[in-house]
Structure formats: structure tokens, C-alpha cells
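Given the coordinates of chain A, assemble chain B onto it according to the supplied hints.
Read top to bottom, the protein sequences are chains A and B. The first sequence lines up with residues 0 to 660 when you count with numbering that gives the first Met the number 0. The second sequence lines up with residues 0 to 161 when you count with numbering that gives the first Met the number 0.
Just so you know, these hints were derived from the structure itself, not from any lab. As the structure is a prediction and not an experimental result, all values here were calculated from the model. Where is the CB? At the ideal position from N, CA and C, for every residue including glycine. Treat the hints with caution; some may be incorrect.
[What the hints assert, rightly or not] Simulated crosslink set (DSSO-like; lysine-lysine; CA at most 27 angstroms straight-line):
id : chain 1 : residue 1 : chain 2 : residue 2
1  : A       : K336      : B       : K130
2  : A       : K413      : B       : K130
3  : B       : K130      : A       : K266
[To be verified] Label-pair ranges, simulated between beta-carbon atoms:
id : chain 1 : residue 1 : chain 2 : residue 2 : range
4  : B       : D78       : A       : A436      : 30 to 36 angstroms
5  : A       : T576      : B       : Y89       : 51 to 57 angstroms
6  : A       : S542      : B       : E100      : 53 to 59 angstroms
7  : B       : L108      : A       : L147      : 44 to 50 angstroms
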Amino acid sequence: MIAEAGHYALVLALGLALIQSFVPLLGARWGDPALMNVARSTALAQFVFVAASFAALVTLHVTSDFSVVNVFENSHSLKPLIYKITGVWGNHEGSMLLWVLILALFGGLVAAFGNNLPLSLRAHVLAVQAWIAGAFYLFILITSNPFLRIPNPPIEGRDLNPVLQDIGLAVHPPMLYLGYVGFSISFSFAIAALMEGRIDAAWARWVRPWTLMAWIFLTLGIAMGSYWAYYELGWGGWWFWDPVENASLMPWLAGTALLHSALVMEKRNALKVWTILLSILTFSLSLLGTFLVRSGVLTSVHAFASDPTRGVFILLILCVFIGGSLSLFAARASQLKQGGLFAPISREGALVLNNLFLTTACATVFIGTLYPLALEVLTGDKISVGAPFFNLTFGPLFVPLMIAVPFGPMLAWKRGDLYGAAQRLLAAGIAALIAVALAWAWARGGSALAPLAIGLAIFVVAGAIVDLVERTGLFRNPLAISFRRARGLPRSAWGSAFAHAGIGIALIGIVCETTWNSEYIGTLKPNDLIPFAGYQLKLDSLSQRQGPNYREMVAAFSVSLDGEKLSVMTPSKRNFTTRGGASTTEAALLTRGVSQLYISLGDTTADGGVTVRIYHKPLVLLIWYGPVLMAFGGMLSLSDRRLRVGAPKPARAQHRLQAAE
Amino acid sequence: MKRILVAACFLAVLGLSPARAVLPDEVMSDPAQEARARDMSRELRCMVCQNQSIDDSEAPLARDLRLLVRERIAAGDSDSQVIDFLVARYGEFVLLKPRFERQTLALWLVPPLLLLGGGLALWMHVRRRSKAGAEASGSPLTPDEEARLAALLAGDPPTERR
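So here's chain A without its partners, still in its complex pose (with noise of 0.2 angstroms):
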């Protein structure tokens, strides 16, 4: 009964998305308010029967109802509860129905928060939504039905892939949805924006806070199924160009360059056209991410061609998707008028340059990722991409692009002075030469890469703050008056600058992990005792325990610190016995400041002893500090906006506004 619920309210969500896709069009033709008004109602109610529909499924999964394919296939009865719920998104069908609960979320907010955009540009955006949405909602009814019952229900299921029953990896695809389909929004406006020929620096301001919103998720997405990957899959790598990373990092890579581009249009109503292009191109590759993941294309090109029905439907979509977008802007781009003049010297030329690079980097991992196929599909040759390509083009894309991060900000709108900015931001180059120095002389040789590259993230954190001092005239004001300054500067400077300073932060990290980090491999029996990078580990124990659905052998290893003990580290291997005797690898992590202690176990031998694999990991969480930051001075810079989302007026005038509708 619920099942059929969820699936009926789903078809209710698609036959609202039709209407939604053509009578507001019609309205803004007919300058018909009544009519463009119906995507408000559409879009909100659509929300709530696609809300409904997945609440259905959540409940066949907690209540175990295996006379449903979906939950008979990823669920059992003895899971734990935290796991039955995210078990819904953890399969192919209920990770679509979250992508388009997401979907008209971003479409419901639009209609519940867009009171103050045009009618007109309303109705279109929402026609726009529900074109996309309605694509989906047919793909998920015709190809991939969570709703689907097994005539003779089993009374077991088949529980849910072990290394997906992890809290990191339960959080990850929500996040990862809300930063994808958030970037429907600007697509959205972007081709409202065509299609009604007009665009402002308003509308950037309108784009930007939704642009923002779906940054900050991607970008904790991304951050967390790195996280994921380091702690579960057992050796450390917490960065691997796979293609599903690469299909997260390619939107990740033209939304920020979206974010700076959309900035320059919103202060100096420059850069339109190329814009709404980057509007287009950061959800077409959000498409194409979900196309690679969910096609199966990425596993073999000949698991694609096999069973083809569902690959086929999201190759179409985005075709349709790409393919129209993109002749509409062929077609439109034209009209848009040319914007405001600025020196190349100047914050518009930083922020071009910004787009440049980031706009390579963003097409040298799509061309990676998709020449192997590409390749096999024309010729049938089978190459193989893989990290050490990414690692040779992507990382000398950067250099440049972070020599670049600190002097934006110095420079002023429209003309700029480099010399000026090169001698305020001397004191960030100083402390980058020191850092150089430093790490030079600590790592007594060896590579000259790693040092340079440290100081170049100096250079950028350095750079943030220099520029926060600046703001606020510390050191040359009496301390009040800088104090009253940096409450009064915007929030949206303060964001900028965790942002940028983020991006230093997770450098260190990267190069410090990746340079100095060991590693033991080794067999160890019980009562072994090992030196590893200045602690001393001895294996206390090795025990087998039982877990709810899992058995585990736990290793216990009591570490110290010049012979006084810090901690007992308890990694352990599970084996899941519902799944066939899958197993998973559980690492134990020390902390210790920000670097981290990895144990994880491999096999026992016969004679009682057990493979480890030990890793110390210098610095490694800034790693993940630097996107955490990064995201937290995006939102830094959201709530400022918020009173001002898409609304030129004060606030208090756009209140009685409000109140008088």
C-alpha cells in the first residue's frame, strides 16, 4: 500500500512538472500574471509529492518490507536503524528519487523565496526547473522504479553493501546531490535569461547566492567522499582521479569559476555572456557526472551496451539538455549586451584569469576522464587514465592560478595597480620565502618540489590575511578603530578570504601527506612491539567480536611517545556475513594535532599473526580543514546576502512590499 503510494505520488509529481514546463510560458507570452503564477503552486506542491513518494520508500526501508525489489535487494532486517534509513540513497533507484527530492526542493525554494524576482523571470525559471524535473521524474518511472514488488516476498533481504553501512558515506550523497542539482538554478536563470533576451547585473545577483549555496555543498561533498575513502578503503589515499571523483570535481571546478565570473557581472555588469556560458556548462556537467555514475558506462563501455535501457535514458537527457542549452545560447548569446570596460590590470581581469585556469583545469580532467572511452568506443583501443596523467597536467594548472588567488583581491574594480598590490602583499611573500627556507632546511634536501610548493600556500593564507589586515587598517590604526572596521567590512569580504585561505590550508596538507608521509608493512604477532616514526606501537591483542550484522577480528596496539602510553588503537577487519562474507577494513586513526596514526589489518597468517599496515600521516587533516574552510567562508559570504537575495531594494521597503501583495 505505501508503495503504491510513494509511486502514485510520484506520477502526480510528473504530471505537475508538465504542467508547470508550459503554462507559465504561456503566461509571461500572454503577460498573464494568473497563469505565470501556477509554477508557484506547481512547483511547492510538486515538492511536497516528491517529499511524500521518498518518504514512502524510507518507511518500506525501516519497516523492512522485502516484498519491495528495492528494499529486498539493499536491506535486512537486522541493520541497524541509522542504515535502513541512508540504505535508501544507497542503491541506484533510491539515489535517483533523493536526486529529484533535491530537485524540487531547489524548485520549491525558488517559488516559496522568489517573491521579489520579475513575474516574468520567475515563471520562466520554473518552466525551466520543471522541464528537468519532469525528465528525471520520467527516467525514474520507466527505467529505475523504487516501487517495484516481488510477487513472492522473500523473507530476507539482501543487505546493503558493507562499505556503504558507514555514517561518512551516508551524509556524502546528499551533499554531493544538493551541490549538482543546486546548480539547476543557475541553469535555470540562465536560460530564462535567454529566452527572454534580457539580462542585468541584477540577475547575477539573483544567480549568486543560489550559485553559492550549491558551491558550499559540493564542495563539503566532495570533501567527506574524500574523508570516506581515506579511512574505509583501507591504504590511505584519500584522492584517487577516479572518473566518479573526476564527475563531482569537473561541476566543483566550473562552479567556481562560476562564483568569481558571476561576481564580476553582479559589481561591473561585465562578463554576461560568458556567464550564462558557464551557467550551462556547470550543470551540463553536473548531468554528466550523474550520466557517468548512474549509466554504469564508467564500469565498462560493454556493461553500458549489455543492458543499455537506463544509460540510454540519461544520455538522451542529457543530449536534450546539452544539446538545446547550448543552441539557445548560440542562438541568444548575440543579443546580450556587452557590459562595463575594465584594464586587464584590474579585479575583472584577476577573476578572467581565474576563469582561464579554472576553466582548464576544469576541461583537462573532462578530457581525461572521457578520452579512454572515447578512444575504445571510435577505435577499440584501451587506454588507461589514471592519476599520474591528472598529476602532470592538473597540478602545474594551479601553480599559476595560486600565485594569482592573493593579488585579486588587493587589486581595485575596473583599473587596478599591480605594483601597489605586489608591494601590500610583501609581507606574504616574505613569510612564504621563510616557510620555504623552513621547510627546505627540516627536510635536509630532497625534493625542492615540496618546499616550494608549501611556500606557495603561505604565500596564499598569507596573502588572505594580509588582505584582511589591509581592510581593517590594522597596525596602522589604533586598534579600536581597526576593531570597528572589521565589524563593519562585509561579510562577503571576510568569506573570501577563509575561502582563499582555504585553498592554502588543504595545500599544505596535500603536499605535507603526500611528501613525508611512511609506512610499515609488516606481519605482526601478538605482543610485537615496532618503532614507527618516533612512537613506539606494541600489538596487545588480537580478538574476534560480533556486531549486529557483521563478525570482526580486532587488533588492539597500545601506542606511546618516549615510553609514556597515549592511546590504544583498535583497528579491525569485518566480515558481513549477510553479504556473502564481504568484508570491510576498519582503520584505526590516532590524532595527533593534525597529523593522524593509520593502522589497518590485512589477513591473519597461519602461524597466529596478523598483516598491518601502519601509515603516519603528517598534517593530513588539513586536507579536509582546507574545504571545510573553504565552505564556511562561502557561508560567511551567503548570509551576507541574504538580506539582499535577489532583492536591489532595502530590506525594510521589500517587507511592506511583501505585506502589501
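Frame of chain A; chain B shown alone:
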């Protein structure tokens, strides 16, 4: 068989089997040689896996390849000889960083060309715009506009630099 292989690599990718990459018994006695083996392993693909190097992979095939690499190193092969040997045996697919060849031309050239092309296009755009801008700014202001400008300049300019 193929299905099983696909399934096996899927399981390996998802980390369903415990970490088995580089086992203690594989490690070479000479640290310099072992370091070379590790560096090379990171550039070689485990062919039954999805995007994993043989250094990371737990699949039995990856272990065989790791042992093979070490065998060749012990036999005195240079790095490029080892790589050539593996490519001759397993094809280009084994390399995670494709060689610069006819069929990978686009792969290697697109990023730098895009950067150059983008930079060039920007440069030309800026030149064209600044020329047009110079012409546009040549027109003198009307007396009325001059007066407004003077009034604006006399007033407090906004201090905030944004």
C-alpha cells in the same frame, strides 16, 4: 568468465576484500630497488580493477604484476625496460599515464592548447575592447555633465574598496 572478472574488479574497487596491496613477503631487500618498484607500481594499472594502480590494488593479478616488476628489477632491468616489457605483454592499457603517441595526441595537447588559445583570445579581446573604449571615451562631456561630475567629486567618495 568475463562476468566474474567484472564482478571481481567491482568488488575490489569497492574495497570489499581487505587491504592486501603490497604484502610483506613482496618487499625487496634492497631499499633503493624497492623504492623504484613502488614508484613504478604507482604508474601501472591493475587491469581487472577500475582505475587502481597495482600499488593500491588487492587483486591477485596486481600482486602478480608487482612480483613481475620486482623480478625484472632484480634481474637488472632499467625502469624503461621494465615498462616496455609490461607494455609488450599487456598492451598500453597497463600504463596509467598514456605515452605521447598518435592516438593520445589530443589527450596530451588539449589542455595546453586550450590554455594558450584561451589566453590568446582574451588578449585579443582586451585589445579590441580597449581600442573601442579609447574611441568611446574621446567624446567630451556636456557642460551639464561636467557640473554633475564636479558635484560628485566634491562629495565624500565611498571609502570602502570593493
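To see whether the hints hold, each was checked on the structure:
Proximity of K336 (chain A) to K130 (chain B) is assessed by CA-CA distance (about 18 angstroms); at most 27 angstroms being required, the pair is judged to hold. This hinted pair checks out: K413 (chain A) and K130 (chain B) have alpha carbons roughly 15 angstroms apart, not beyond 27 angstroms. Note on K130 (chain B) and K266 (chain A): the hinted pairing holds, with a Cα-Cα distance of about 23 angstroms set against a maximum of 27 angstroms. Range check, D78 (chain B) to A436 (chain A): about 33 angstroms between beta-carbon atoms, so the 30 to 36 angstroms window is met.
In this structure the hint that T576 (chain A) and Y89 (chain B) lie 51 to 57 angstroms apart at CB is violated, the actual value being about 37 angstroms. Hint check: S542 (chain A) to E100 (chain B), Cβ distance near 54 angstroms, so the stated range 53 to 59 angstroms holds. In this structure the hint that L108 (chain B) and L147 (chain A) lie 44 to 50 angstroms apart at CB holds, the actual value being about 48 angstroms.
Hint compliance for this structure: hint 5 alone is broken.
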